[in-house]
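A.B. asks: One letter stands for each residue in the lines below.
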Amino acid sequence: MPDRPPFVSFLSDYGRVDEFVGVCHGVMLDVTPDLRIVDITHDIGPFDIRAGALALVRAVQYLPDGVVLAVVDPGVGTDRRCIAVEVDGGFLVGPDNGLLAPAVAMVGGPGRIVALDNPEYQLVAPGATFAGRDIMAPAAAYLASGVSIDALGTPIDASGLAPGLVPLPQEADDGTISGEVLWVDRFGNCQLNIAPEQLVERGVMPGGYVGVTIGGDDRRAHWVPAFADAKPAELALLVDSYGMCALALDQRSAAAELKLRAGRTLTVVALPEERP
Amino acid sequence: MPDRPPFVSFLSDYGRVDEFVGVCHGVMLDVTPDLRIVDITHDIGPFDIRAGALALVRAVQYLPDGVVLAVVDPGVGTDRRCIAVEVDGGFLVGPDNGLLAPAVAMVGGPGRIVALDNPEYQLVAPGATFAGRDIMAPAAAYLASGVSIDALGTPIDASGLAPGLVPLPQEADDGTISGEVLWVDRFGNCQLNIAPEQLVERGVMPGGYVGVTIGGDDRRAHWVPAFADAKPAELALLVDSYGMCALALDQRSAAAELKLRAGRTLTVVALPEERP
Amino acid sequence: MPDRPPFVSFLSDYGRVDEFVGVCHGVMLDVTPDLRIVDITHDIGPFDIRAGALALVRAVQYLPDGVVLAVVDPGVGTDRRCIAVEVDGGFLVGPDNGLLAPAVAMVGGPGRIVALDNPEYQLVAPGATFAGRDIMAPAAAYLASGVSIDALGTPIDASGLAPGLVPLPQEADDGTISGEVLWVDRFGNCQLNIAPEQLVERGVMPGGYVGVTIGGDDRRAHWVPAFADAKPAELALLVDSYGMCALALDQRSAAAELKLRAGRTLTVVALPEERP
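Chains as they are written, first to last, in my numbering: chain D, 1 to 276; chain V, 1 to 276; chain G, 1 to 276.
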């Protein structure tokens with residue numbers, strides 16, 4: 001059994017058309033030649049911090065111990081800081097704009113935090129700083145190679161970090177839950193910010209039905225254990241593989257049929273008596 | 001020379017926008033930290049088993065010895081099995097829906113086959129099982145690390161597997177061959193399910209011409225050794241780099257001009273006398 | 001610290017939908033199992049040699065020492081040669097069509113050059129040669145593993161290579177600079193073929209203004225140090241992270257608003273007196 005190599009898991013909104021991702025790989029491998037890089041995704045919508053944060057929090061528990069580098073950075077060139085955060089199992093590196101916060105919380109909260117302001121661990125750009133390439137990728141690679149987080153810059157208190165913006169569902173007195181779509185995946189499944197426990201508290205059990213109202217349009221959804229348990233054309237509600245409620249259609253896109261995308265609001269209400 | 005590392009080659013319909021591919025990488029590297037992963041493609045059309053099977057059979061002979069993980073799985077959540085198949089040079093892992101069958105045949109047919117039903121080699125999902133992440137990726141990584149296929153689940157007889165659906169061309173008494181487009185590549189080249197030997201049997205030789213009928217529209221194609229040997233605007237028929245007949249235009253998309261896509265049927269007939 | 005592994009950095013116009021990239025990875029890893037591959041990008045537009053050459057020259061200084069494999073090859077199947085070029089820090093491998101020339105110049109010019117015509121270091125195709133898979137990927141992997149460039153084929157003199165086509169800006173007597181857009185990145189930033197020194201020679205200093213004429217439409221651009229230093233809706237000119245002038249809008253696409261794409265011409269003139 002060989003020694004475990006150092007790992008960086010990398011998420012960004014760089015896309016794959018430009019050479020940005022490859023250049024950041026090159027920069028990291030120049031610092032740490034035996035580094036192994038896992039590309040989480042680079043197709044977060046440009047500047048979409050929320051989508052990046054949500055993808056990161058879904059993925060983080062499945063990533064190898066080591067460093068997570070996440071770059072969705074509308075503030076490039078402003079005085080927003082680039083940071084490294086110590087967590088159980090490694091470090092997260094990214095801009096201080098809320099991108100990292102939900103993942104940091106998911107893995108147990110922050111240890112030491114530093115602003116990446118030590119130029120000894122940065123590249124010098126021929127023009128404007130490309131913070132991913134010049135500051136954050138080198139920091140990730142140095143951390144992976146064993147450089148102390150203390151060496152990378154000035155300590156920051158956790159209370160000074162930008163908060164993560166996770167939309168919480170609202171529970172009304174009439175029993176409805178106002179939530180929203182967190183994520184539409186490639187197959188058109190729509191993850192909601194509603195946990196199955198919230199349905200159970202309202203008397204809906206697996207196998208039961210809920211009413212879903214989207215922009216004035218009322219639907220009924222059947223709580224099934226898996227996609228294929230829905231009847232043809234029946235809207236399914238299931239606990240997805242991340243443990244959250246999702247709307248889905250078997251082998252078709254629920255997002256396309258219901259015209260849903262991330263951020264769309266909807267309300268869910270128990271239909272406990274109905275057994276059609 | 002270092003020891004050869006363990007390899008998993010990975011194909012799916014997950015796309016690259018969601019974090020699914022990165023998460024499966026993370027899961028495999030957690031099991032087998034020195035694993036090397038080759039991404040074949042992840043942009044098979046959602047649920048398009050046939051396209052996945054064809055890409056796999058084109059690629060398989062060029063992949064490093066080891067494990068192939070292929071996931072195109074419309075039946076997620078049903079009772080279709082996930083399987084591992086022993087072959088010469090390694091193992092294939094995927095759903096039992098025909099996706100693997102042509103590649104298994106290409107590399108010499110199956111040895112031992114098991115259903116991946118041993119939970120000791122699976123992850124526990126917080127909700128619905130994500131079979132790629134929770135069952136098939138771990139199985140691929142364990143096989144690559146040297147775990148015996150027998151440990152992963154219940155043996156299956158090859159006769160019980162779902163067959164691969166490879167469309168065969170039909171040869172008519174009047175000399176025409178009815179075939180179809182197997183694959184349109186990025187450059188618009190259209191691979192057919194017709195082998196060059198079938199043309200030779202009908203008296204067409206390299207340098208000769210065939211008639212191609214697509215939806216009532218008749219064209220003439222020139223059998224050339226390479227793209228650039230066609231005259232400008234001339235439809236070329238060539239033996240592509242996989243050994244199959246393909247329709248092509250030099251530096252332009254034959255698919256766009258002929259309105260072809262995978263699955264489109266056409267007929268080919270020898271034009272042996274014509275020398276324009 | 002482990003030994004540094006061999007590296008190939010890989011750029012192409014293969015896209016990610018077909019299995020081409022994965023197959024080339026497989027071929028290289030079969031030759032050199034401990035090879036590490038950096039994917040620069042594979043989404044260069046089909047046959048767009050200029051875009052490939054520009055991406056390569058932007059990336060090359062950030063790639064790990066070793067081999068660069070670049071394939072944008074409209075002449076596949078013609079008698080254009082595939083070549084390997086020795087440079088400081090490694091080798092570049094690609095078609096002899098100008099794709100490599102700017103990157104070779106960037107890293108100090110060529111040493112030995114060979115045409116890849118030794119079949120001992122090639123794969124045999126079942127049909128037409130797939131030059132990336134059968135000739136260039138194996139050559140890259142053999143070079144990375146330490147095979148001498150002399151073994152791969154016939155020496156070529158540098159004077160016989162196809163030149164790179166880098167568009168140079170024209171400076172007119174009236175002080176205007178006629179340039180063009182080299183590259184539009186994912187965020188809509190438009191890199192020009194104009195260096196900041198050319199503006200300074202005309203009396204424009206950072207913080208000043210230039211006039212930009214695009215197809216008869218006159219705009220004013222503010223030379224700012226970073227994206228976020230522009231006023232809202234103000235067109236920014238900045239020295240981008242590669243050291244070239246670029247047109248940008250803060251958090252929006254300058255390309256979309258100005259209808260710019262790679263190759264579009266424009267003129268720039270100093271507005272040295274204006275301080276609005």
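These aren't lab readings, by the way, just hints derived from the structure by calculation.
Among the hints, erroneous ones may be present.
Cβ pair distances, simulated, as ranges [what the hints assert, rightly or not]:
hint, chain 1, residue 1, chain 2, residue 2, range
1, V, 200, D, 256, 43 to 49 Å
2, V, 120, G, 108, 54 to 60 Å
3, V, 118, D, 4, 24 to 30 Å
4, V, 78, G, 228, 33 to 39 Å
5, G, 5, D, 166, 38 to 44 Å
6, G, 158, D, 3, 42 to 48 Å
Ideal Cβ placement from N, Cα and C applies to all residues, glycine included.
A.B. asks: Of all the hints numbered above, which does this structure not satisfy? Sort the numbers upward.
C.D. replies: 4
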